[in-house]
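Asks: One letter stands for each residue in the lines below.
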Amino acid sequence: MRSMEVKGQLKIQEMAFVLVAIVIFLGLVALIFFSIRLNNIKNEAATLKEEQAAALVRHISGLPELSWDCPGCIDLDKAIALKNSKDISLNNFLELDYLMIEILYPLQKKGNCVIGNYPDCSQILLINDTKDFGVASSAFVTLCRWQSDKQQEVCALGKVYAAGKGVSR
Amino acid sequence: MKLFNSNKAQEEMVGFAILVVVVAVVGLIFLAISLRSSSSNEISSLLVQQFSESFITSTSECNLGTWPSLASFATVFDSCYNNPSSKCDSGKSSCSYLNESIPQIINSVWKIAPESAFNGATYKVIFKDRVSGDEKEYLSKSWGNCTGDSMGGESIIPDSRKRGNIIFRVIICLNK
Chain A
357 MRSMEVKGQL
367 KIQEMAFVLV
377 AIVIFLGLVA
387 LIFFSIRLNN
397 IKNEAATLKE
407 EQAAALVRHI
417 SGLPELSWDC
427 PGCIDLDKAI
437 ALKNSKDISL
447 NNFLELDYLM
457 IEILYPLQKK
467 GNCVIGNYPD
477 CSQILLINDT
487 KDFGVASSAF
497 VTLCRWQSDK
507 QQEVCALGKV
517 YAAGKGVSR
Chain B
-1 MKLFNSNKAQ
9 EEMVGFAILV
19 VVVAVVGLIF
29 LAISLRSSSS
39 NEISSLLVQQ
49 FSESFITSTS
59 ECNLGTWPSL
69 ASFATVFDSC
79 YNNPSSKCDS
89 GKSSCSYLNE
99 SIPQIINSVW
109 KIAPESAFNG
119 ATYKVIFKDR
129 VSGDEKEYLS
139 KSWGNCTGDS
149 MGGESIIPDS
159 RKRGNIIFRV
169 IICLNK
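Line order of the protein sequences matches chains A and B. Quick note on this note's numbering: the first sequence kicks off at 357 and runs consecutively. Quick note on this note's numbering: the second sequence kicks off at -1 and runs consecutively.
Please keep in mind that the hints were generated in silico from the structure rather than gathered at the bench. From a predicted model like this one, the values you see are computed outputs, not experimental measurements. We put the CB at the ideal spot given by N, CA and C, even for glycine. One thing to keep in mind: the hints can contain errors.
[Said to hold, decoys possible] DSS-like, lysine-lysine: derived pairs with alpha carbons at most 27 Å apart:
#1 A:Lys398 - B:Lys109
#2 B:Lys126 - A:Lys506
#3 B:Lys126 - A:Lys465
#4 A:Lys405 - B:Lys90
#5 B:Lys126 - B:Lys174
#6 A:Lys405 - B:Lys109
#7 B:Lys90 - A:Lys506
#8 A:Lys367 - B:Lys174
#9 B:Lys126 - A:Lys363
#10 B:Lys174 - B:Lys134
#11 B:Lys174 - A:Lys398
#12 A:Lys466 - B:Lys109
[Stated by the list, open to error] To spell it out: a stretch of chain A is covered by chain B in this simulated footprint if at least three of its residues, at any positions, have a beta carbon under 8 Å from a beta carbon of chain B; those stretches are:
#13 367 to 381
#14 403 to 416
#15 429 to 437
#16 452 to 464
#17 472 to 484
#18 495 to 501
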């Protein structure tokens, strides 16, 4: 009788161990599953933030001081004029620490644009108020100008980089 | 008595085996779900969409003999579909000009290389009929290693013959 009781207790113990093992196993699986899901959600949030910043940066191309007559297009001639203007400052209403336009294609000579080398240059730096502006958000735009020798408008593929309060809002 | 004990032991073994199988099945289901969510998928990306929109409005190096002398990429896409025999002043057909220049531009802009953040790309140019909704792919190319996630975007060019739209779709592959 005593032996039967011990055997029964052993069986109950065995069952309890198996149940504990199952619970631990399922817990681990659930932990892995939720950590993967959380990671995905974090990545999605980062992408959304990046896209929001890209949309805000592209919005800059719609400013009358820079716009060409198509959506997402920037007038390069206006941009270079604005860079050299002392009367108009984009920073008064854009709240940016950094704003730069880069020509990506067709490939241009590397270097900052000034009146002397324009349009054989690749970057127009419009705002650079601080060295510590962090990572600039960027957006693709079309960069257009009038090419007098061909008597037509010529548009290049470019990017606008911006950083500051106006972008991280 | 011995036979009775042996039967009981066998029953326990069967019970344990069933338990192991059930737990393994549950584990496999979880694994399959997690793997499916982490396997390669294409995310719609605003950045790639902006790229494709800016691309079609930019000026190509193809002179189709019409004014303005250098046509926009949108015009060359249209010319390639509606008049495949049309040629640029370089002597290349508009379609082969596109097939050569699009990968060059994508590689240059996105810096596609085996060790960079983007290691492959695909583009497709599709004509979508306005009435039937049928899609006909007339230009496409894939290159690089595209086994991981990718981001895609597209832009729409109205067909000059007003029969539908030309869709320029770009997919950029992310390096794992």
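Asks: Flag every earlier hint the structure violates by its number, smallest first.
Replies: Hints 2, 3, 4, 5, 8, 9, 10, 15 and 17 not satisfied by this model.
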